[in-house]
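Asker: Taken in sequence, the protein lines are chains B and D.
For the first sequence, the positions run 1 to 630 when my numbering is used.
For the second sequence, the positions run 1001 to 1594 when my numbering is used.
Honestly, I wouldn't trust all of these hints.
Claimed, not checked - Straight-line Cα separation of at most 27 Å, DSSO-like style, residue types lysine-lysine; simulated pairs:
#1 D:K1223 - B:K342
#2 D:K1032 - B:K8
#3 B:K294 - D:K1032
#4 B:K294 - B:K382
#5 D:K1204 - B:K610
#6 D:K1267 - B:K8
#7 D:K1032 - B:K610
#8 B:K169 - D:K1267
#9 D:K1267 - B:K74
Said to hold, decoys possible - From the derived model, a few chain B residues whose C-beta atoms are all more than 12 Å from chain D:
#10 K8
#11 G96
#12 K150
#13 D489
#14 W537
#15 W555
#16 L630
What the hints assert, rightly or not - Derived DEER-like restraints, expressed as beta-carbon distance ranges:
#17 D:E1368 - B:T95: 16 to 26 Å
#18 D:G1036 - B:R471: 48 to 58 Å
#19 B:F590 - D:S1425: 56 to 66 Å
#20 D:S1425 - B:T95: 25 to 35 Å
#21 B:G187 - D:E1368: 50 to 60 Å
#22 B:N72 - D:Y1383: 34 to 44 Å
Keep in mind the hints are simulated off the structure, nothing from the lab.
Yeah, the Cβ is synthetic: ideal placement off N, Cα and C, and Gly gets one too.
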Amino acid sequence: MKQGEIRKALMVATLLCVFLFIYLYWQQSSKPLQPLVLTYKHVYTANKKSQPHQWTWHCVNQRCERHPITDNIKAVSLPTCSMLCGSTQLWPQPTGPVTLGSKAVTFNHLQFEFETLTSGAARALVKEAFSSFNDSVLSLVRNNNYLQEKTDLDKFIVRVSVVHGDIVKLKLKTDESYTLTLKQRAGDILVNITARTYFGARHGLETLSQLIWWDQYEGTIGTLKVIKGATVQDAPTFPYRGLMIDTARNFMSIESLKRVLVGMAANKLNVFHWHITDSQSFPLVLPSVPQLSKTGSYSPGETYSPEEVRAIVEFARVRGIRTILEMDVPAHVGNGWTWGPKEGLGDLAVCVNERPWSLYCGEPPCGQLNPENPNVYDVLEKIYRDLLELTEETEIFHIGGDEVNLECWAQHLQKSNTPSNYSDLHDLWGEFTLKALARLQRANGGEKIPQVIVWSSKLSKRPYITKYLDRNSVVVQSWGSSQWPETADLLSDDYKVLISHVDAWYLDCGFGRWRETGEAACDPYRPWQTVYNHRPWQQMRLDKRQIIGGEACLWSEQVEESSLDSRLWPRTAAFAERVWTDPQLDLATFSIHEDVYTRLSTQRDRLISKGLKAEAMWPTWCSQNPGMCL
Amino acid sequence: MRALTSSKAGCLDVILVLCVLAGFVSARWAWKCDGGGCERTSSLGDGLTVDEYPSLELCRLVCGSSGGVWPIPSVYSVLNKELLYLDVANITFNIKTNDDASKAFLTDVLSYFKDSVGPASLNCSETVTSLSINVEARSESLNLNWDTNETYTLNGQGSSITIVGETVFGVRHGLETLLQLIVKDGACFASISSYVISDKPFYKHRGLLLDTARNYLSVDMIKRNIVGMAMSKLNVLHWHMSDSQSFPFVSSRVLNMSRYGAYGDEKVYSPEQVLDLIRFAKIRGVRIIPEIDGPAHVGNGWQWGPEAGLGNLVVCQNKQPWRSYCIQPPCGQLNPANQNIYEVLKNIYNDIVDLWKNLEAFHMGGDEVYIPCWNSSSEILKYIGNNRTEERFLDLWAEFQAKALEVFDSVNGGSSASAIVWTSSLTAPGVVENSLPNDRYVIQTWVPNSDNLPEELLALGYRVIISTKDSWYLDHGFWGSTSYYTWRKVYDNKILTDDGVLGGEVCMWGELVDDNNVESRVWPRAAAAAERLWSNPSTTSVSAEKRFFVQNRRLADRGIRTSVVTPEYCVQNENDCDVKLALFIPSSRSRILV
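With the rest of the complex left out, here is chain B:
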């Protein structure tokens, strides 16, 4: 029982840790500081369990310096020093003015009082947001007995006002801005978050949670602190700030996807692009076409039921994230599509699992929808109906559309002796796309989906693009190398673009080729600095207005849930600041400011508190000695 065991082990480990902490703190009060001289006693027990805190940090020239604790000074913990030493410690850095106080006060989470002036449907969402804010503060607490500690506050009042209480669905035009003020009034902290929509208000709460930290040096067992005095005005640079996860190459549990969403919310990302099927497997259970998962999933346990998908969609929405389900067509299909002949529908897909695969597809196993079988379009319409119903997302739809292998179709047409009407099979592909889009519209009750995303491909190049893709409703997700002319061409043809350049924002790269043969197409690994420093609109002077945003992508050939967190974080956080704040690049040196390192290191700690296994950025020494490793 793989999962059960990990969970059990983690739970035991957590319990042990908590126990150890309690023990350590209980021990320490009676222990004097160790003398600064060598002790030659051959006694192992002298210092075994509890050393008192070792380090204190002083803020010198806006930088926290680490020093050993000596008797006559009050030790300051690193989080407390960092929060009050020049840097905002916010991530992503707000785009508007920020002022922060230079002092902190202690409190505990029972002192929270949440109030909202929101009316309408958003009211319920605000309540959910309060509860997830509360969870996020609780995740910082490292000793549950801290409630016994005295605090500086009586009440910690959080007041959230949303102007448009009727807006509960995120759209590209949704106003996500917010303002936050935090003041002390007598014995209380009073926070006001005002926003035009729920989605802005939620971001405000996220920012508030970043003004709160755990100080393990305070009192006897540590306590929560909040900065005393703050004003923040903030709004995102791009409306589409996405993360794509592939659950078809390797399956990811619902639980692990929820962790992804928690991390996204903490970084104010707002689109979860779920690449839910591919030629390898079809884990999505669709009510109208259950055959797909029945014959396409890796095992009955490795599936997503409609209820589970809906739960993810709702979990995401509360966190300011919309979910886009991508069932990629006409390529990237295969397993799950082989039941056609049995049910009298003919071959729905061709070249499925064909070998040698390298002739028919980019990676094994092969498979492509059969564009000449009219039944395929009926099935597609049913699927689209289900997908729209599951996500209730009708502004944006992703149809996939990448990496069509024309050789596969050529072979198939030859084999079935279909008289070919196409001298150029790109036209077959183009017409497939038009038919699929027509079915999408029918599935949506005749309403046209305003933004249909397709992956960039041969079809999104001239001459095909203008023939088959409507620039008013199609957004091209540009995933080629940023050095290619692809993105600039699309923009000059007046298409809207979503950027996912492989050389910066493909998080799966760098682990070598996973097959015996073939190229390691996308090595090397993109360190967070590469992710962060990618600003194509500046580097290539692109028109930002046609760019709806960016999306980081994690393809799952070499990742499943055991390494999911560490592949994503903190690199996706670096990406998030790029699309939220979009700081200027220094094109001469590409150097990243020390403050970014410090803030990202703090943000990584926050993610770890939330239970995400974010990867190490550097030796801990560098976190403890800000600025000294650059």
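Got chain B; can you put chain D on it based on the hints?
Answerer: Frame of chain B; chain D shown alone:
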């Protein structure tokens, strides 16, 4: 929706998911043993035919010439591949020995074995056989070192299993192999009826380096890695305990080391924890070789000298700009002009010796001394006089090395334990002969595969441990211009086979890993190195792939956060993802394009 989802409601759902993850697949796919491979076939709820198995693991158990055993044994012969269902709740162990210490040790090993099989279920509907396992160690020695004979034979005849090892460690390896021959099949445990395995390692030293100084690793995390090592028959955990960044080892005699060197009061290794780890590892056939690196790679932990009246123990500590004084921040090197450093080292070594008791090999580090650091210290310049040539600095380093070994010997009962050092400018042929006697020093090479330094050192009579930098450095691929080494690259790294080659180590340097991601960096790649070091097959990763995938699942099933190396489709469909293989496998579906 109805068929599939209604059965997945509520707690049934959870049970189903858990069962399926454990290989308890009752449904759609079955695996057919076809030639040497297991082919996925669909079986929509109907009964299975002969030669069809409900899980890949079960199919692998009976299919092919070496089943799913990893690393591959020297001799593996299946006499009867009929499945035998086992009652794992009722295993009788018979330990054949008169020696109390051996008996106690083997009892611990057997309880590790029992825990690893997993809990028995009452719901198995097959007729089960209770198991009787007879173990015998020919030698009473409990020492795990380069002379330990790890040979074993494993003989299964129905319900009776006999493991004979030359030592208790051989027996342990036999039990590890037996674990791989017991496969979960739904609520049951299955094995094969009759087999004979005889097995021994190719290399004596099969190691993994963990670095707990750049980032702290919890004791639990170190143990998880030891379990992975045991599962792959790796036998040395090279513990790079300290570095310039931190000193987490609590030296009882020099408490200041961790006081000034640990990242935090909880980020230390107490003597009890170290003892616990040594013991935990030994039961799993792993010896821990500690490394206290010096004279470079020191710094934090050593800064208290002036306050304690001992003068500067280190020079250029944390000095900026760091690029002028070291290869990686923070800087620091021991101050060989200050003789007090030997007193401090002696105390640290003494603590190490006390904890390890029988320390037969000790890693002294000795790499990457950065001359500009020493050259920047007026104290050192005064000590060496006016001759500031590179040779003079090398002499100073050699002097340090000799004195450090001398104090080590003085606390280690004057014994002649082997000292291991990394290759450096001090181990260059022409220098090494004069500074490091070849009867005392073992040299760990970390040069690329193309470099012939290992041959040169062998020719000079040194024993070597090989850590091929361009294959076995597991930290590569995430910094600078290094690239990541896939499990295939790790596996295909064939090292020298001279007698003087003790073995090899894969190295997990810790700059970019901590408890959050170290397991997924190490595993399953360390398992790939393990087969290279244990079996040293003449074949490559191509022929090991199927067994490797099974081993990777085993690691995951034991709770190790190992990485996947391929889409699950390729695990389930052994032959589908490879061009070369696919071209040679006749398939009704494949047509070659003209």
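Asker: Taking the shortest Cβ-to-Cβ distance between L630 of chain B and chain D, state whether it exceeds 12 Å.
Answerer: violated (9 Å)
Asker: Does K150 of chain B sit more than 12 Å from chain D, CB to CB?
Answerer: holds (23 Å)
Asker: Check the hint pairing K294 of chain B with K382 of chain B against an upper bound of 27 Å on the C-alpha distance.
Answerer: holds (16 Å)
Asker: So is D489 of chain B really clear of chain D, every C-beta pair being over 12 Å apart?
Answerer: holds (31 Å)
Asker: Between S1425 of chain D and T95 of chain B, is the Cβ distance one that fits in 25 to 35 Å?
Answerer: With Cβ atoms ~52 Å apart, the hint is violated.
Asker: Tell me if the straight-line CA distance from K1032 of chain D to K8 of chain B falls inside 27 Å.
Answerer: violated (34 Å)
Asker: Should the label of G96 of chain B as a non-interface residue stand, given a Cβ cut-off of 12 Å to chain D?
Answerer: holds (33 Å)
Asker: Would you say W537 of chain B is clear of chain D, with no C-beta pair closer than or equal to 12 Å?
Answerer: holds (28 Å)
Asker: Does the alpha-carbon distance linking K169 of chain B and K1267 of chain D stay inside the 27 Å limit?
Answerer: violated (46 Å)
Asker: Is 16 to 26 Å a correct range for the gap between the Cβ atoms of E1368 of chain D and T95 of chain B?
Answerer: violated (44 Å)
Asker: So if I understand the rule, the pair passes when the alpha-carbon distance is 27 Å or less; does K1267 of chain D with K8 of chain B pass?
Answerer: holds (23 Å)
Asker: Between K1223 of chain D and K342 of chain B, is the straight-line Cα distance small enough, at 27 Å or below?
Answerer: violated (52 Å)
Of the numbered hints given earlier, the model fails hints 1, 2, 5, 7, 8, 10, 15, 16, 17, 19, 20; all others are met.
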